[in-house]
Amino acid sequence: MTASVGINITDNGDQSAPPSLRVEDTPRDDVDKTRVSDFAGPTIVLVLFIGFWYLLSTKILPPQKRFLLPTPHRVVNEGFLTWSAGTQRGLRPILLSLWDSIKIAISGLFLTIVIGTTLATLMATRRWIERATWPYLVALQSAPILAMTPLIRALIDGVRVQRILVVVLIAFFPIVNNTLFGLLSVDKSQHELFTLHKASKFTRLVKLQFPAAMPNIFVGLRISAGLSVIGAVVGDFYFRRGGVVGIGAQIDIYRSRLWGAELIASIILASIFGLVVFILFGLLAKQAIGKWHTTTRGR
Amino acid sequence: MAEALGFKNVGMTFGDGTQALSGVSFDVSPGEFVTVVGPSGCGKSTLLRIASNLESETQGSCVVNRDSIGYVFQDATLLPWRTVRRNIEIIAELHRIPKVERRRLAQNAIDLVGLTGFEEKYPRQLSGGMRMRASLARSLVMKPRVFLFDEPFGALDEITRERLNDELLQLFQLEGFAALFITHSISEAVYMSTKVLVMSARPGTIVASFDVPFAYPRAHSLRYEPAFAKLCGEVSRSLRGALV
Numbered sequence: 342m343t344a345s346v347g348i349n350i351t352d353n354g355d356q357s358a359p360p361s362l363r364v365e366d367t368p369r370d371d372v373d374k375t376r377v378s379d380f381a382g383p384t385i386v387l388v389l390f391i392g393f394w395y396l397l398s399t400k401i402l403p404p405q406k407r408f409l410l411p412t413p414h415r416v417v418n419e420g421f422l423t424w425s426a427g428t429q430r431g432l433r434p435i436l437l438s439l440w441d442s443i444k445i446a447i448s449g450l451f452l453t454i455v456i457g458t459t460l461a462t463l464m465a466t467r468r469w470i471e472r473a474t475w476p477y478l479v480a481l482q483s484a485p486i487l488a489m490t491p492l493i494r495a496l497i498d499g500v501r502v503q504r505i506l507v508v509v510l511i512a513f514f515p516i517v518n519n520t521l522f523g524l525l526s527v528d529k530s531q532h533e534l535f536t537l538h539k540a541s542k543f544t545r546l547v548k549l550q551f552p553a554a555m556p557n558i559f560v561g562l563r564i565s566a567g568l569s570v571i572g573a574v575v576g577d578f579y580f581r582r583g584g585v586v587g588i589g590a591q592i593d594i595y596r597s598r599l600w601g602a603e604l605i606a607s608i609i610l611a612s613i614f615g616l617v618v619f620i621l622f623g624l625l626a627k628q629a630i631g632k633w634h635t636t637t638r639g640r
Numbered sequence: 692m693a694e695a696l697g698f699k700n701v702g703m704t705f706g707d708g709t710q711a712l713s714g715v716s717f718d719v720s721p722g723e724f725v726t727v728v729g730p731s732g733c734g735k736s737t738l739l740r741i742a743s744n745l746e747s748e749t750q751g752s753c754v755v756n757r758d759s760i761g762y763v764f765q766d767a768t769l770l771p772w773r774t775v776r777r778n779i780e781i782i783a784e785l786h787r788i789p790k791v792e793r794r795r796l797a798q799n800a801i802d803l804v805g806l807t808g809f810e811e812k813y814p815r816q817l818s819g820g821m822r823m824r825a826s827l828a829r830s831l832v833m834k835p836r837v838f839l840f841d842e843p844f845g846a847l848d849e850i851t852r853e854r855l856n857d858e859l860l861q862l863f864q865l866e867g868f869a870a871l872f873i874t875h876s877i878s879e880a881v882y883m884s885t886k887v888l889v890m891s892a893r894p895g896t897i898v899a900s901f902d903v904p905f906a907y908p909r910a911h912s913l914r915y916e917p918a919f920a921k922l923c924g925e926v927s928r929s930l931r932g933a934l935v
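Note that the protein sequences, when read in sequence, are chains W and A. Using this note's numbering, read the first sequence as starting at 342 and increasing by one per residue. Using this note's numbering, read the second sequence as starting at 692 and increasing by one per residue.
There could be a bad hint or two in this list.
[To be verified] Computed footprint of chain A on chain W; a stretch qualifies when at least three of its residues, placed anywhere within it, have a C-beta under 8 Å from a C-beta of chain A:
1. 396-409
2. 424-435
3. 544-550
[Said to hold, decoys possible] Residues from chain W that face chain A, not an exhaustive set, calculated with beta carbons under 7 Å:
4. 491
5. 534
6. 537
The hints are simulated quantities; they were obtained by calculation from the structure and are not laboratory data. The C-beta atom is built at its ideal place from N, Cα and C for all residues, glycine as well.
Could you put the whole structure together from the sequences, leaning on the hints where they help?
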């Protein structure tokens, strides 16, 4: 993306101007170089992890307990390479319940984003709303979902809605917190620029506070997105009904039947889903604000 | 000529009881470039904040046409998510000027400050001097009759600063606005202004006023002339007097 301007554009189409004469059009600090260490690091950790796993399941665990942790190749064979075997065994049922949980996680995340940013906006513009809600948001964040399940069950009909509610409860706080923080952290003189020109509250919100808060909003989004996956798995655990169940419930079934390979395959797939969501929101952030916002890393 | 900006016995006491200004009186007419120098914390910036109505004086009165004020902040205060062009358009945007007209006004200002070719850059891609130019252009768009400068070049290196001094003077001659300029630098004050005011330490008040006789356009070589040095010396002496 090294576009050059002016000097090296010549009438005879000669593009051989020495690089030193070119006026670089590249921003100074966002040279995107993929380095070997970008791949080597994660690969080394993966190899170490699998090595430790083998050690754990073949050496460290006492023989009578090794059924708890099948070796990696057993997990691959029975969890990933077997499509469907008997009832509930193989990759197919795992993927079906994962898909079920994905739908819940995405609906919950969507609701979280809508309600969360709206609440944060209200809190940022009306001091009393911030004062009135903040302590309860903090309390909600640390309240154990387990304790709330009977109440949720009593108040809300429908397993889907119950599960979505759990996702919202778990994923809610980071998006509110980060959006609010972003909206309220705008530079004072930028605010004054808007004051000087008599900008309305709404204009200020749209043209100043929201754009300035975008980096924070994306941090919140990323955390909330990860939590929505956790929320979906936790929700499955507590709220289920026959037919296809979510991955959390499926994991619970494997656990109770001592099907180690399927259990671990499910955990891996759920984690991969979490990872994909995390990466997706990272890319989204880069796409939306990467042009002007960079995170810096000291040397 | 009628004053564009007038302070009449202005005093300022903050809510916590700190008295920032006391009995400040002076006028700035169109085509006048008045600079205020003074020790840190003497309330120089408060003068500008009163003139622009960001704060209200607690004594006296300040008369100014508030619809036509340009304010250049200490730092460039560009919006990092907007390109140079869109940053320069922002004030026109806040005044609901239609897009086509806004574009034209912004382009004029961009050409005027020499940022042509950098319209689509983001602030972080610019040097400090260019950011300040963009900030100047942003204020120029609405053709203000009164220009307030709050130590705009304080953070720049000397060469860039002197270059921007010259560019600002050219703009001043071209547009003929009334300028109220705050600075720490005595030579900058003398070089730029038609009049230099010296403020005392808190509570700030005007203790001396120097008319600067040099004709515009002023050349860079003026800085090395004896008369220039002499005037700087006088301002400096008066400023030292204001400190004790």
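The hints, checked one at a time:
Here the region 396-409 of chain W counts 0 residues with a CB under 8 Å from a CB of chain A, which misses the bar of 3, and the coverage is violated. With 0 residues carrying a beta carbon less than 8 Å from a beta carbon of chain A, the region 424-435 of chain W misses the three-residue requirement, and the given coverage is violated. Using a Cβ-Cβ cut-off of 8 Å, 3 residues of the region 544-550 of chain W lie near chain A, which meets the minimum of three, so the contact claim holds. Violation of the interface hint for residue 491 of chain W is found here, the shortest Cβ-Cβ separation to chain A being roughly 47 Å, above the 7 Å cut-off.
Of the supplied interface hints, the one on residue 534 of chain W holds, with its beta-carbon coming within about 6 Å of a beta-carbon of chain A, less than 7 Å. With a cut of 7 Å, the hint placing residue 537 of chain W at the interface with chain A holds, because the nearest CB-to-CB distance is about 6 Å.
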